[in-house]
Amino acid sequence: GESVGLHLPTLSVQEGDNSIINCAYSNSASDYFIWYKQESGKGPQFIIDIRSNMDKRQGQRVTVLLNKTVKHLSLQIAATQPGDSAVYFCAENKKWKPNSGYSTLTFGKGTMLLVSP
Amino acid sequence: DAGITQSPRHKVTETGTPVTLRCHQTENHRYMYWYRQDPGHGLRLIHYSYGVKDTDKGEVSDGYSVSRSKTEDFLLTLESATSSQTSVYFCAISELEGEDEQYFGPGTRLTVT
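Protein chains in written order, with our numbering: chain A, 1 to 117; chain B, 1001 to 1113.
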C-alpha cells in the first residue's frame, strides 16, 4: 500500500547535523501540544510535549519551542542520527466540536525527516 | 511500550461486508480513540470513548460505529465497508483527556476491494 510518507514535506540532513522541524497550529485557544515520531509500519510514538504556559522545553537531544504569537511550534533534534529518520507530527488539543465537553488532539499532516550517514 | 494491541493487523475485505476492528489495552486508561491515517491527511479522529458505554463522534465518523462494553476493549465497526475506507487504523489511549499524551497501538491495515 501507499506509504503515509508520500506527499509529505521532507527534510534531508546529514548525520550529526541539527534538525529543525516546523509546525503551524490553527487554534489560538489550544493549550497543549505534542510531537510524535512515526517510523514506517509503526504507530506514532511520543517524543515531547509542551503546555502553553511555557516557551521552551528540553528532552534528551530534543527541544520544543512554542511561539504563541504566531501559532508556531518547532522541534529541534540535536546531532541527528540515521535512527531519527521517520515522519514527525505535531498535535494540538482542541475541541473539534465547539460545544463538546471534551477536547482531543488534532494532528498535523507531518514532515518526513531523512538522515543520511 | 504501552500495553495496546490491535486485531487483526491486516485485513482484506470486499465492498459491502461488515468489518470489526478490535483494540485491547492493559493500562486501565479511561480514554480510547480510533484514528485513520491516509496519505495527505495525517491522523484523523473517527470516534472516541471517555468511559465504558460512553462514546462520541470524531471528525470522520460517517460509516463507522464503536462500542465499549469493558474498560480494556474498544471496537470499531464498518457496517458496510466501502473502498474509501481503505486505510490504516490506529487505536490510542490516554489517562486524561485533552492535555495528556496519547499512546498508540501498532495499527491495522484494512483494504476494501
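These are computed hints drawn from the structure, not numbers from a lab. There's no promise every hint is true.
Per the computed footprint, the stretches of chain A lying under chain B, defined by three or more beta-carbons under 8 Å from a beta-carbon of chain B, are [as the list claims (entries may be wrong)]:
| # | region |
| --- | --- |
| 1 | 45-52 |
| 2 | 105-114 |
With a Cα cut of at most 25 Å, we get these calculated PhoX-like pairs of lysine-lysine [what the hints assert, rightly or not]:
| # | chain 1 | residue 1 | chain 2 | residue 2 |
| --- | --- | --- | --- | --- |
| 3 | A | LYS56 | A | LYS71 |
| 4 | B | LYS1053 | A | LYS94 |
| 5 | A | LYS109 | B | LYS1057 |
| 6 | A | LYS42 | B | LYS1053 |
| 7 | A | LYS109 | A | LYS94 |
Listed next, with one range per pair, are the computed distances between beta-carbon atoms [as the list claims (entries may be wrong)]:
| # | chain 1 | residue 1 | chain 2 | residue 2 | range |
| --- | --- | --- | --- | --- | --- |
| 8 | A | ALA79 | B | THR1015 | 45 to 51 Å |
| 9 | A | ARG61 | B | ASP1054 | 25 to 31 Å |
| 10 | B | SER1080 | A | ASN67 | 41 to 47 Å |
We treat Cβ as the ideally placed atom computed from N, Cα and C, and that holds for glycine.
Verification of the supplied hints:
Coverage of the region 45-52 of chain A by chain B holds in this model, with 4 residues showing a Cβ closer than 8 Å to a Cβ of that chain against a need of three. Residues of the region 105-114 of chain A lying with their CB closer than 8 Å to a CB of chain B number 6, which satisfies the three-residue condition for coverage. Pair hint A/LYS56 plus A/LYS71 holds up; C-alpha atoms about 14 Å apart against a cutoff of 25 Å. The hinted pair formed by B/LYS1053 and A/LYS94 meets the criterion: a straight-line CA distance of about 23 Å does not exceed 25 Å.
Between the alpha carbons of A/LYS109 and B/LYS1057 the distance comes to roughly 21 Å, so the proposed pair stays at or under 25 Å and holds. At most 25 Å may separate the alpha-carbon atoms for a hinted pair to count; A/LYS42 and B/LYS1053 exceed this at roughly 29 Å. Our distance criterion of 25 Å between C-alpha atoms is met by A/LYS109 and A/LYS94, whose separation comes to about 16 Å. Our hint of 45 to 51 Å for A/ALA79 and B/THR1015 holds, since their Cβ atoms are close to 49 Å apart.
Separation of A/ARG61 from B/ASP1054 is about 39 Å and departs from the stated range, judged on CB atoms against 25 to 31 Å. Separation of B/SER1080 from A/ASN67 is about 46 Å and conforms to the stated range, judged on CB atoms against 41 to 47 Å.
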